[in-house]
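2 protein chains.
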Amino acid sequence: MIPLFSSVTIIGLGLIGSSIARAIRLHMPDVRLSGYDASATVRARAAELSLVDDVAERAGTAVRGSELVILCVPIGAMASVADSFKTDLAANAIVSDVGSSKASVAAILREALPGVHIVPAHPVAGTENSGPDAGFSSLFQGRWCILTPPEGTDSDIVDKMSQFWRGLGANVEIMAAEHHDLVLAVTSHLPHLIAYTIVGTAADMEQVTRGEVIKFSAGGFRDFTRIAASDPTMWRDIFLSNRDAVLEMLQRFTEDLTALQRAIRWGDGTKLFDLFSRTRSIRRSIIEQGQDDAAADFGRRH
Amino acid sequence: MIPLFSSVTIIGLGLIGSSIARAIRLHMPDVRLSGYDASATVRARAAELSLVDDVAERAGTAVRGSELVILCVPIGAMASVADSFKTDLAANAIVSDVGSSKASVAAILREALPGVHIVPAHPVAGTENSGPDAGFSSLFQGRWCILTPPEGTDSDIVDKMSQFWRGLGANVEIMAAEHHDLVLAVTSHLPHLIAYTIVGTAADMEQVTRGEVIKFSAGGFRDFTRIAASDPTMWRDIFLSNRDAVLEMLQRFTEDLTALQRAIRWGDGTKLFDLFSRTRSIRRSIIEQGQDDAAADFGRRH
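Just so you know, the protein sequences line up as chains A and B, in that order. For the first sequence, counting from 1, position 174 maps to 174 in UniProt numbering; every step adds exactly one. For the second sequence, counting from 1, position 245 maps to 245 in UniProt numbering; every step adds exactly one.
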C-alpha cells in the first residue's frame with residue numbers, strides 16, 4: 001500500500017496527540033513524525049518517550065514540510081497556534097484537529113488559515129487522564145472518528161483523511177459540523193457538565209459527611225468522578241465553543257429532572273419504574289453496538 | 001476459628017443475594033445455606049447453580065432453624081416477606097438485610113418482627129446487572145459494608161455481624177441509619193437519579209439524532225447508561241424510601257447546575273475552569289483510598 005502521508009505533524013502532545021503518535025508508529029511505521037507542545041515539560045517528556053522523530057521548539061518548525069498537521073490542543077488555543085505556524089505550512093498541506101466541538105473550530109481554522117485544506121475531525125475516544133504518558137496506541141481502536149469537512153472540500157482529501165483514521169483503527173463517519181455539535185452535546189458535553197456538577201455538589205457536602213463521600217463512593221458516585229477528572233482547560237473550551245447546543249440539552253435535562261423530583265415528592269412509583277425500565281434498554285443497545293463492554297464493573301479489581 | 005453461624009438463610013437470590021451465597025461458600029464452607037426467591041424461575045436457576053444447599057418453596061421453610069436470615073429483596077417487598085416468615089423464625093435468630101436506605105427499612109423490620117434481633121446492613125457494592133447469574137463471590141472484597149444497628153442492640157450481635165461481613169471480604173463501618181441515608185443520598189442515590197434522567201433525556205433525542213446517541217456514546221454518555229441499567233424495582237423503592245434526603249440533595253445539585261448554566265450562557269470561563277479543577281482532586285482521593293481503579297478506562301477492551 002502506498003503510504004497515505006509521508007510526514008505528519010502533531011501539535012499538542014497530551015492524551016490524544018500522544019495516542020495518535022503511538023498509533024501512527026504502530027500502524028504506519030514509515031511516516032516521518034514531528035511534534036510540538038506549548039509546554040517545555042511536555043516537549044522534554046515527548047522526546048524521552050520518542051513519541052515523534054523530532055520534537056520542535058516552535059510550532060512553525062514542526063509543521064515545515066509536513067503533509068498533514070493535526071492540532072491536538074484545547075479549542076481556545078486553536079486560533080493562536082494556527083496563526084503561529086501559518087507561514088511555515090507546506091503548499092497543499094492538510095490541517096486537521098481533534099476538537100470536541102466542530103462548527104466553531106472550523107470557523108476559527110478557516111479564518112486563521114485562508115486557502116488551506118481543512119478537515120476538522122473528532123475522534124470520540126479518551127480517558128480521564130491527561131498528558132503524554134496517558135496516551136496509548138489502541139485508544140482509537142473500534143471507536144468512531146467523525147469528520148466534518150466544510151462544504152466544497154475536495155473529496156480526495158476527505159477520502160485520504162478517512163483512510164488515515166481507519167488506518168489508526170477507528171470507524172469513520174462524515175457529517176455536518178452543526179449536526180455533530182448537537183449529537184455530541186447529548187452524548188458527551190451534557191454528561192460531562194452533569195458529572196462536574198454532581199462531584200462539586202458532593203464535595204461541598206464533605207463538611208457534613210466527614211470524608212464519607214469518598215469512602216462510600218462505590219455506590220455510583222465514583223463513576224461520575226472519573227468523568228469529572230477530565231482535563232479542565234479542554235472542557236471549559238468545549239462548553240464555551242458549543243454553548244447553544246449545550247444550553248438546549250441542559251434545558252431538556254432540567255425539565256426531565258424536575259418531573260422526576262415531583263414523582264419522588266408525591267410518591268409516584270409507577271413513573272419512576274417506567275423511566276428506570278426504559279433506560280435499561282438503551283444500555284443494551286450500546287453493548288450490542290460494541291461501544292461498551294458488558295463485563296460486570298469493567299474488570300475493576302475485586 | 002469457631003464458625004460465626006452454622007446456618008444462614010438468604011431471601012432473594014439476585015445479584016446481591018447470590019453474591020453473598022457465593023462468598024459464604026468460599027469463605028465459610030461449613031455454613032449450612034438455605035435460600036428462597038419469590039420468582040420460581042430464579043429458584044430453579046439457584047438450584048441449578050447450587051447457590052445454596054436448599055432452595056425452599058416458601059420463605060418460612062427457608063428460615064426454619066437458621067441463625068441468620070438476610071433479606072436481599074427490594075425495600076418495597078421487605079414488610080410482606082418479613083411477615084411471611086415471622087412465625088417460622090428460630091428463637092434468637094438475627095435478621096439482617098442489604099437495602100440501600102436504612103431508616104425506613106429498620107422501621108419496617110421492627111414493626112414486622114417485634115422482639116427479633118435486627119441488624120440492618122448495606123454492602124456498598126454492586127454492578128448494573130441483576131439476577132442469580134450476575135453475582136460473584138468477590139463482589140464485597142475491599143468494599144464497605146455499613147451496619148446501622150438500632151440503639152440498644154446487643155453489642156455481641158453487632159460484633160458477630162461485623163465479623164461476618166469482614167469474613168466475606170468487606171470493610172465494616174457502623175453508623176446511625178439517618179446518617180447513612182444522608183451520606184448515601186449523595187454518593188449513590190442522587191448519582192443514580194441523575195444517570196436515569198440523562199439517559200431518558202438522550203433517549204428522547206434519538207428521534208432527532210437517528211441512532212447516533214448510541215453510536216457515539218463513548219464520549220461520556222455510556223458511563224451513565226451503565227448506572228441507569230440498574231434494577232428498576234430496587235431503585236424505585238430506594239427513592240421512595242429515602243425521599244427527604246434525596247430531595248434535599250437534588251435541590252443542592254439543581255442550584256449548582258443552574259450556576260454553571262449561567263456561566264456557560266455568559267461565557268464565564270474562569271468559573272467553569274475553577275470547578276473542573278476542583279473535581280479532579282476528588283477523583284484522586286477516591287483512587288488513593290482504594291475505592292476505584294486508576295487504570296485508563298478500567299480495562300475496557302481497546
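Worth flagging that the hints you see were computed from the coordinates, not collected in a lab. Heads up, a few of these hints could be off.
Identical chains blur together in the list; that is why a pair holds if it fits in one copy or across any two.
To be verified - Listed below are the simulated EDC-like cross-link pairs for lysine to aspartate or glutamate, each with C-alpha atoms no more than 16 angstroms apart in a straight line:
#1 K160 to E288
#2 K215 to E173
#3 K215 to D293
#4 K86 to E67
#5 K86 to E151
#6 K215 to E288
#7 K271 to E206
Tested hints:
1. Taking the shortest alpha-carbon separations for K160 and E288, neither the intra-copy value of 30 angstroms nor the inter-copy value of 45 angstroms comes in at or below 16 angstroms.
2. Only between protomers do K215 and E173 lie at most 16 angstroms apart by alpha-carbon distance; the minimum there is 10 angstroms, versus 42 angstroms within a single protomer.
3. In this homomeric assembly, K215 and D293 come within 16 angstroms of each other (Cα to Cα) only across copies, at 14 angstroms, whereas the closest approach inside a single copy is 26 angstroms.
4. For a Cα distance limit of 16 angstroms, the shortest separation of K86 from E67 inside one copy, 14 angstroms, qualifies, whereas the shortest one across copies, 78 angstroms, does not.
5. Neither within a single protomer nor between protomers do K86 and E151 lie at most 16 angstroms apart by alpha-carbon distance, with minima of 22 angstroms and 73 angstroms respectively.
6. Proximity of K215 and E288 under a CA criterion of 16 angstroms is satisfied inter-copy only: 10 angstroms between copies versus 34 angstroms inside one chain copy.
7. Taking CA atoms no more than 16 angstroms apart as the test, K271 paired with E206 passes in neither setting, with 32 angstroms inside one copy and 21 angstroms between copies.
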